[in-house]
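Asks: With the hints as your guide, set chain B onto chain A.
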Amino acid sequence: MSETADRVKKIVVEHLGVEAEKVTEEASFIDDLGADSLDIVELVMAFEEEFGVEIPDDAAEKIATVKDAIDYIDQNKG
Amino acid sequence: MRRVVVTGLGLVTPLGGDVETTWSNILAAKSGAGKITRFDASDQKCHIACEVKPADHEYGFDPGKRVDHKVQRQVDPFIIYGIDAAGQAIEDAGLLEMDEATRFRAGCSIGSGIGGLPGIESESLVLHEKGPSRVSPHFVHGRLINLISGQVSIKYGLMGPNHAVVTACSTGAHSIGDAARMIKDDDADVMLAGGAEATICPIGIAGFAQARALSTAFNDQPEKASRPYDKDRDGFVMGEGAGVVVLEEYEHAKARGAKIYAEVVGYGLSGDAYHVTAPHPEGSGAFRSMEMALKKAGMTPGDIDYINAHGTSTPLGDELELGAVRRLFGNETANLSMSSTKSAIGHLLGGAGAVETIFCILAIRDQIVPPTLNLDNPSEGTTGVDLVPHKAKKRPVRAALNNSFGFGGTNASLIVKAVD
Numbered sequence: 001m002s003e004t005a006d007r008v009k010k011i012v013v014e015h016l017g018v019e020a021e022k023v024t025e026e027a028s029f030i031d032d033l034g035a036d037s038l039d040i041v042e043l044v045m046a047f048e049e050e051f052g053v054e055i056p057d058d059a060a061e062k063i064a065t066v067k068d069a070i071d072y073i074d075q076n077k078g
Numbered sequence: 001m002r003r004v005v006v007t008g009l010g011l012v013t014p015l016g017g018d019v020e021t022t023w024s025n026i027l028a029a030k031s032g033a034g035k036i037t038r039f040d041a042s043d044q045k046c047h048i049a050c051e052v053k054p055a056d057h058e059y060g061f062d063p064g065k066r067v068d069h070k071v072q073r074q075v076d077p078f079i080i081y082g083i084d085a086a087g088q089a090i091e092d093a094g095l096l097e098m099d100e101a102t103r104f105r106a107g108c109s110i111g112s113g114i115g116g117l118p119g120i121e122s123e124s125l126v127l128h129e130k131g132p133s134r135v136s137p138h139f140v141h142g143r144l145i146n147l148i149s150g151q152v153s154i155k156y157g158l159m160g161p162n163h164a165v166v167t168a169c170s171t172g173a174h175s176i177g178d179a180a181r182m183i184k185d186d187d188a189d190v191m192l193a194g195g196a197e198a199t200i201c202p203i204g205i206a207g208f209a210q211a212r213a214l215s216t217a218f219n220d221q222p223e224k225a226s227r228p229y230d231k232d233r234d235g236f237v238m239g240e241g242a243g244v245v246v247l248e249e250y251e252h253a254k255a256r257g258a259k260i261y262a263e264v265v266g267y268g269l270s271g272d273a274y275h276v277t278a279p280h281p282e283g284s285g286a287f288r289s290m291e292m293a294l295k296k297a298g299m300t301p302g303d304i305d306y307i308n309a310h311g312t313s314t315p316l317g318d319e320l321e322l323g324a325v326r327r328l329f330g331n332e333t334a335n336l337s338m339s340s341t342k343s344a345i346g347h348l349l350g351g352a353g354a355v356e357t358i359f360c361i362l363a364i365r366d367q368i369v370p371p372t373l374n375l376d377n378p379s380e381g382t383t384g385v386d387l388v389p390h391k392a393k394k395r396p397v398r399a400a401l402n403n404s405f406g407f408g409g410t411n412a413s414l415i416v417k418a419v420d
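From first to last, the protein sequence lines are chains A and B. Each step along the first sequence adds one to the number in full-length UniProt numbering, with nothing skipped, and position 26 is 26. Each step along the second sequence adds one to the number in full-length UniProt numbering, with nothing skipped, and position 59 is 59.
Looking at chain A on its own, in the form it has when it is part of the complex (with noise of 0.2 Å):
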């Protein structure tokens, strides 16, 4: 696992409060960990602050999957 992957799920288990194994890359933010919209502005706020990316909201909106926050955190971190 990356290191990246490493350190977006730790967030996302600290900020839904879910167990750490079901944050797996496949797991849907809505679907699979109980996010509403909300929580995934919340969320991508603290990817941008933690990997000092920005996440413009079209791009934000595309998240769904832990996957897909990984995937544009390492393609687009400086």
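The hints are simulated quantities; they were obtained by calculation from the structure and are not laboratory data. No experiment lies behind these values; they were computed from the predicted model shown. Cβ atoms here follow ideal geometry from the backbone N, Cα and C, with glycine treated the same way. Fair warning: there could be bad hints in the mix.
[Said to hold, decoys possible] Computed cross-link-like contacts, DSS-like style, restricted to lysine-lysine with a CA-CA straight-line distance of at most 27 Å:
no. : chain 1 : residue 1 : chain 2 : residue 2
1   : B       : LYS130    : A       : LYS10
2   : B       : LYS130    : A       : LYS77
3   : A       : LYS22     : B       : LYS254
4   : A       : LYS62     : A       : LYS10
5   : B       : LYS130    : A       : LYS62
6   : A       : LYS10     : B       : LYS65
7   : B       : LYS65     : B       : LYS53
8   : B       : LYS254    : B       : LYS35
9   : B       : LYS65     : A       : LYS9
10  : A       : LYS10     : B       : LYS30
11  : A       : LYS62     : B       : LYS231
12  : B       : LYS70     : A       : LYS9
13  : B       : LYS231    : A       : LYS22
14  : B       : LYS45     : B       : LYS70
15  : B       : LYS155    : A       : LYS22
16  : B       : LYS155    : B       : LYS53
17  : B       : LYS259    : B       : LYS35
18  : B       : LYS30     : B       : LYS155
19  : A       : LYS67     : B       : LYS231
20  : B       : LYS130    : A       : LYS9
21  : B       : LYS30     : B       : LYS65
22  : B       : LYS155    : B       : LYS35
23  : A       : LYS67     : A       : LYS10
24  : A       : LYS9      : A       : LYS77
[As the list claims (entries may be wrong)] To give an idea of the chain A side of the interface with chain B (calculated C-beta under 10 Å), a few residues:
no. : residue
25  : GLU14
26  : LEU16
27  : GLU49
28  : VAL53
[Said to hold, decoys possible] Here are the simulated distance ranges between beta carbons:
no. : chain 1 : residue 1 : chain 2 : residue 2 : range
29  : A       : LYS10     : B       : SER133    : 21 to 27 Å
30  : B       : ALA273    : A       : ASP31     : 53 to 59 Å
31  : A       : ASP31     : B       : ALA28     : 48 to 54 Å
32  : A       : GLU61     : B       : LEU96     : 37 to 43 Å
Replies: Then chain B, alone, in the frame of chain A:
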């Protein structure tokens, strides 16, 4: 006429995370006051408060018991206290499993005086230091006063009236009074009603201290600072927490064999129309509020055995309230007991009226009245009134009255009595 009874209680206070712990500490004359631990208060005029204690404390509060992890992260502490107290009350009433028809007729009236001040303070700093795109998406609904009622209704599926009173330090009493009327008016059969507050944060302490409302002379003896009716009182000590009751229509409660603590028989409301922070110099609003509550209850002064006073330990307020009691109760003043539990848990602001109404109910249940701590040298104006100094007192309690008065000159009085 539809009667309203109390069938469940819930408390989060500086002396306990539940009803029985709080009550036994109150009766044991313990104080919940101490140095402020939430933040460094050394540059403030006031260094003390009655904080709700952490979970590992002997009488601490565990937010994880009834509030989801995610919700805890998103909302201010007053909402967490309120959800937990409401959960305790609904569990105590045996109403966790209500069918849909019952839940359509069950509502919430849980308010707060100020709301999410610590979160408003901290997010303002985020806005200032990091800009608008770093402000939490949960900022608004994590701070709003009606979000205890909102959260509780979602958690327990309560689809009846959803209401939240904001009347400063009268909030808790108005919340219960308004909810009782909703049941009387047939808007609901069950109401979770009460108030919560949590404003022990730098701007909260500074604001009340600048308004000259807080005690500042006892920073080195926190447990001595809240001393209602005592000559040396110099302001209130800020408390925090929540009190919530389950109100239920009497026949509804009887039909399901519920345990009935007391009946809400009287509710009075008035306005001082005088000053934003100072009480009316003749206690006129307090007098009329109590008078209306008695009238609504169909009672005379001799029917009241205990008054849980507003008695915040401010130089002006305590004696004005006492004067109003003397005028209304006349010769019967000598037969009642009147104490201020703010001497033990501080002033819970929007939570006070609800927490103290619960103490009135427990006084009736256990036939004992809680003490006024630190009443070492009573003010001259207090002679001839039993203010229950230092120690709880066993005595008959048929009915009890709670007074709550707030900034803006808003007054509420509630009367509860044993059910025949």
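Asks: Does each hint fit the structure? Answer for all of them.
Replies: Each hint tested on the structure:
Under the criterion of a C-alpha separation no larger than 27 Å, the hint pairing LYS130(B) with LYS10(A) is consistent with the structure, at around 23 Å. A distance of roughly 20 Å separates the Cα atoms of LYS130(B) and LYS77(A); the hinted pair therefore holds under the 27 Å criterion. A distance of roughly 46 Å separates the Cα atoms of LYS22(A) and LYS254(B); the hinted pair therefore is violated under the 27 Å criterion. Pair hint LYS62(A) plus LYS10(A) holds up; C-alpha atoms about 21 Å apart against a cutoff of 27 Å.
Using a Cα cut-off of 27 Å, the hinted pair LYS130(B) and LYS62(A) holds, with the two alpha carbons roughly 25 Å apart. At most 27 Å may separate the alpha-carbon atoms for a hinted pair to count; LYS10(A) and LYS65(B) meet this at roughly 23 Å. A C-alpha spacing of about 15 Å is found between LYS65(B) and LYS53(B), which places the hinted pair at or below 27 Å, so the restraint holds. Between LYS254(B) and LYS35(B) the CA atoms are separated by roughly 46 Å; this puts the pair beyond 27 Å, and the hint is violated.
For the hint linking LYS65(B) to LYS9(A), the alpha-carbon distance of about 25 Å falls within 27 Å, and the restraint holds. Taking the CA atoms of LYS10(A) and LYS30(B), the gap is near 42 Å; set against the 27 Å cutoff, the hint is violated. Straight-line distance between C-alpha atoms of LYS62(A) and LYS231(B) comes to about 67 Å, which puts the hinted pair past the 27 Å bound. Pair hint LYS70(B) plus LYS9(A) holds up; C-alpha atoms about 15 Å apart against a cutoff of 27 Å.
Between the alpha carbons of LYS231(B) and LYS22(A) the distance comes to roughly 61 Å, so the proposed pair goes past 27 Å and is violated. The suggested pairing of LYS45(B) with LYS70(B) is violated, with an alpha-carbon distance near 35 Å, which exceeds 27 Å. The straight-line distance between the Cα atoms of LYS155(B) and LYS22(A) is roughly 23 Å, inside the 27 Å bound, and the hint therefore holds. Of the supplied pair hints, the one linking LYS155(B) and LYS53(B) holds, its CA atoms being roughly 25 Å apart against a limit of 27 Å.
Proposed proximity of LYS259(B) and LYS35(B) is contradicted: the alpha carbons are some 39 Å apart, above 27 Å. Taking the CA atoms of LYS30(B) and LYS155(B), the gap is about 34 Å. The hint is violated against a cut of 27 Å. A distance of roughly 67 Å separates the Cα atoms of LYS67(A) and LYS231(B); the hinted pair therefore is violated under the 27 Å criterion. A distance of roughly 24 Å separates the Cα atoms of LYS130(B) and LYS9(A); the hinted pair therefore holds under the 27 Å criterion.
Using a Cα cut-off of 27 Å, the hinted pair LYS30(B) and LYS65(B) holds, with the two alpha carbons roughly 25 Å apart. A distance of roughly 35 Å separates the Cα atoms of LYS155(B) and LYS35(B); the hinted pair therefore is violated under the 27 Å criterion. Using a Cα cut-off of 27 Å, the hinted pair LYS67(A) and LYS10(A) holds, with the two alpha carbons roughly 14 Å apart. With a C-alpha separation of about 17 Å, the suggested pair LYS9(A) and LYS77(A) falls inside the 27 Å cut-off, and the hint holds.
Taking 10 Å as the C-beta cut-off, the interface hint given for GLU14(A) holds, the closest approach to chain B being about 8 Å. Residue-level restraint check for LEU16(A) holds (minimum Cβ-Cβ distance to chain B is 6 Å; threshold 10 Å). About 8 Å separates the beta-carbon of GLU49(A) from the nearest beta-carbon of chain B, less than 10 Å, and the hint is met. The beta carbon of VAL53(A) comes no nearer than 13 Å to any beta carbon in chain B, farther than 10 Å, and the hint placing it at the interface is violated.
Checked against the hint of 21 to 27 Å, the C-beta distance between LYS10(A) and SER133(B) comes to roughly 22 Å, which is consistent with it. Distance hint check for ALA273(B) and ASP31(A): the Cβ-Cβ separation is about 57 Å, which falls inside the suggested range of 53 to 59 Å. Between ASP31(A) and ALA28(B) the CB atoms are about 52 Å apart, so this pair conforms to the stated range of 48 to 54 Å. Range check, GLU61(A) to LEU96(B): about 39 Å between beta-carbon atoms, so the 37 to 43 Å window is met.
The structure fails to meet hints 3, 8, 10, 11, 13, 14, 17, 18, 19, 22, 28 from the earlier list, while all remaining hints are met.
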